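Novice: Each chain, written out:
Protein chains: 2
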Amino acid sequence: MDGSRCAPTDREFRVSDRIASATLRARITDADTAAALIQPGETVGMSGFTGSGYPKAVPQALARRIAGERASGRPFRINLWTGASTGPELDGALAAVDGIAQRLPYSSDPVAREKINRGEIDYLDMHLSQVAPMAWEGVIGTLDTAVIEVSGIRADGSLIPSSSVGNNKTWLDRAKRVILEVNRWQNAALEGAHDIYYGTRLPPQRVPIPLTRPDDRIGTPYLACDPDKVVAVVETDAPDRNLPFAAPDDKALAIAGHIIEFLSHEVKRGRLPASLLPIQSGVGNIANAVLSGLVDAPFEPMTAFTEVIQDGMLDLLDAGKLRMASATAFSLSPAAADRLNANMASYASRMILRPQEISNHPELVRRLGCIAMNGLIEADIYGNVNSTLVMGSRIQNGIGGSGDFARNGYVSIFMTPSTAKDGRISAIVPQVSHVDHIMQDVQVIVTEQGLADLRGLSPRQRASVVIERCAHPSYRPLLADYAARAKGGSYGLHAPSLPGEALSWHQRFMETGTMLPA
Amino acid sequence: MDGSRCAPTDREFRVSDRIASATLRARITDADTAAALIQPGETVGMSGFTGSGYPKAVPQALARRIAGERASGRPFRINLWTGASTGPELDGALAAVDGIAQRLPYSSDPVAREKINRGEIDYLDMHLSQVAPMAWEGVIGTLDTAVIEVSGIRADGSLIPSSSVGNNKTWLDRAKRVILEVNRWQNAALEGAHDIYYGTRLPPQRVPIPLTRPDDRIGTPYLACDPDKVVAVVETDAPDRNLPFAAPDDKALAIAGHIIEFLSHEVKRGRLPASLLPIQSGVGNIANAVLSGLVDAPFEPMTAFTEVIQDGMLDLLDAGKLRMASATAFSLSPAAADRLNANMASYASRMILRPQEISNHPELVRRLGCIAMNGLIEADIYGNVNSTLVMGSRIQNGIGGSGDFARNGYVSIFMTPSTAKDGRISAIVPQVSHVDHIMQDVQVIVTEQGLADLRGLSPRQRASVVIERCAHPSYRPLLADYAARAKGGSYGLHAPSLPGEALSWHQRFMETGTMLPA
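Those protein sequences? They're chains P and A, same order as listed.
Quick note on my numbering: the first sequence kicks off at 15 and runs consecutively.
Quick note on my numbering: the second sequence kicks off at 15 and runs consecutively.
Keep in mind that the hints were calculated from the coordinates and are not lab data.
Predicted model only: the values in this text are computed from it and were never measured.
Everything hinted at is true.
DSBU-like cross-link-like pairs, simulated, lysine-lysine; straight-line CA separation at most 35 angstroms:
1. A:K435 - A:K265
2. A:K501 - A:K435
3. A:K243 - P:K282
4. A:K501 - P:K435
5. P:K265 - P:K501
6. A:K435 - P:K501
7. P:K282 - A:K190
8. P:K190 - A:K282
Chain A is nowhere near these chain P residues, computed Cβ spacing over 10 angstroms in every case:
9. R79
10. E83
11. W199
12. A202
13. D251
14. V309
15. F313
16. A434
17. E482
18. L530
Built from N, CA and C at the ideal position, the CB exists for glycine as well.
Take these sequences, add in the hints, and give me the full structure.
Specialist: See below:
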């Protein structure tokens, strides 16, 4: 197909709607043909962030091809790099056929998780802001092929980004070959909402990032792409993953209430402006409940400088409480995605989607003074936080952007229900089994039991407050007993601990199925 | 004394030499009178960073006063804030009389350490870049009195800083009252070497810090100080602490050799410029040995963007290998201090001393792409690093600036001898007893045994390399055995661990005096 015939067919009408470049129209092919261009052992950089904007057709075609090759005794695995999590058509499909050797920087797919935790995929869990710079430094390997979903191709060959930006700029620039998926399902009114900053460099050529408000546009709305590198263009019409959020339960509402009370207190004491500072919120049901809770809070007009725009952010925009949101991707329920798509023109003017190296950049998080709100798996009495490894070894999802925001934010809040597994796991433990956020980076811990403001406290002071305010009553006496005994048997009393017992709750859970003693 | 008499006495000649402001000359008094202005329970911000530029007379006078009050049954303690570590005349003297209730953000004094580890001082161990912003945010308390050593006072009342800058700008701005110590021992030729940046703000007023090279001067050479707040000026003539460095032993030389080989390799592969990127080096004998080793390495002209200028930096400047060094303080041996003072005019033109919020600012460390080189107490097989707590509970010194540089540097190197206490402690353990640097922030680990380049490796891959390259032969089989067994009994195999055994080496050391099994 060369696009030169005079009487357009239906297919060409459809094509010209989203692919304005004649050069790239000529590269249109099917997913199987495109997937055949990827060779065993390659490193493939795909688009996708929190289930948005990931390629849907080529990965599934690649998975079919891998399954066929394996059945013929020809093992076939790739190294898979993305923005963050994708969907079952990508991570799930490729993991199911054992097609992934190495995975970075984040994954939440249940099939892939199981393979990682069986030791069958090498998973590099990275700070999301550091992926693009490290790719440029050349220290995590070389990128062979990029597979990028876009919502359209312009006449000059530049790309209209999809529902996530992630690392797409870097993959397009660094890969030897590019495969594009043009997804008609993505709303055409998204055009113009993106801001792709092309000012990053490797040191010693780095300069300040010229952004001082979440609203600032510092780049262009389009992704640049060398058309000579594009080896295939595949048309799709498929929705993003878009998992539903659970309705907030009592615990989530209690946590949201504690956080709003804390923020109100900070405003009253003059330590936060009445419109707060730009909010950052992790992904998940509790984070979403906190955002929804802010609809009825007295803070306005708020802004968000965050990783993802989830349902609660739309609620805040609808309520006029949130003036605008800067992120790198959407992470919406199907209902919210419908709401977004029905009113995209209105929403798009109040949203900016950026590369994740910018949405999460420590320079910007610190400058803007983000209010960082993230979930956790467990915290210890001193406020060290484990966000990633259940029982210290089993990956749940990954550190994501939590480290980018927690260390550099104006205030760093971590939140969790005080127990999991029907009370058999305490989220507050004597010592975390793995550390993602050191005590210096954890300033506030919130459970449904209460909120611990740890700023300005020494480790021993922190322990008292965490046990008293955050622990579940069924574990509180056990924690207090540990803390008291640690003062007797510890090597030093700066942060008393008993190494022979500190991880015994985890060991007990592994042996008996509960952290509670018999 | 009002400075108005025509025939100057000897004392006035001495005074006018360093105190050009008539207003502030009128506030000259003795240390005991100045110390009497500090009230029990106050929060006092003092100057001082790595044993440089701390007040020497007032703290000792205060300690005498506290001892007297205590003897009379009137307990007297203060909260003590500084830049970083000071000297025996400050931390040591005040700790010895139980005069410190709360201490932040860093301490290395042996007397104070003992009190902290007996639970008698509440110690807040902070990222050094975050102290000034958190003081401005008002979340660590309110500052009553500042006690700041300077090397001179200008006619307009502005201050010529001393041998460290630290948090002096913030203490002078935030304190209700100011006591100045003017130390004649400090070299007058230091004037002009400082660069005090006055552009920091609280969000939402923060803007990019306009520094793109370590050489850039973005402020003024002088500290501003409201003369109305100055309640006392005390003259001193006393040297900084200036502890000698140990001559590098074979292990330090081996570590230096591994690091230089690694950097040479990176230059050859085109991942570092031939002049490297700005180097950052922690304080201590091994760090100093690495710097001295760089004298014979092929990298030039280097720059340093670091916390402190130690002996090895002078060697590099003398050898013409280091073009210039940016830091917040000196940390020199007595011999090097003599060398510096004898040639200050020559050195000062190649040095810039900045506030620690700038010397350590994540924005700048990331922009400049520092090569971060820091020491550690222990690392585990996955590359998590403990820099602060011996056996997980006993503070050694503090995290200092290591977190500022390790997370944001271009490459983050941690170094240590593979054993301590004559082999009874292994620096490589199954699991660290405390975490200061998470595995994502630890890219290279070096011992005298070898160097582990962990970039691009999954946790299981990291474990193999760390055990093989870094562990001492007497612990290597024990670590390999743990890693192998962990693959059998772990909850997940992403980063296999055995919670019931992971900290048993520490427990064994506490019980038997060695990590080696009987």
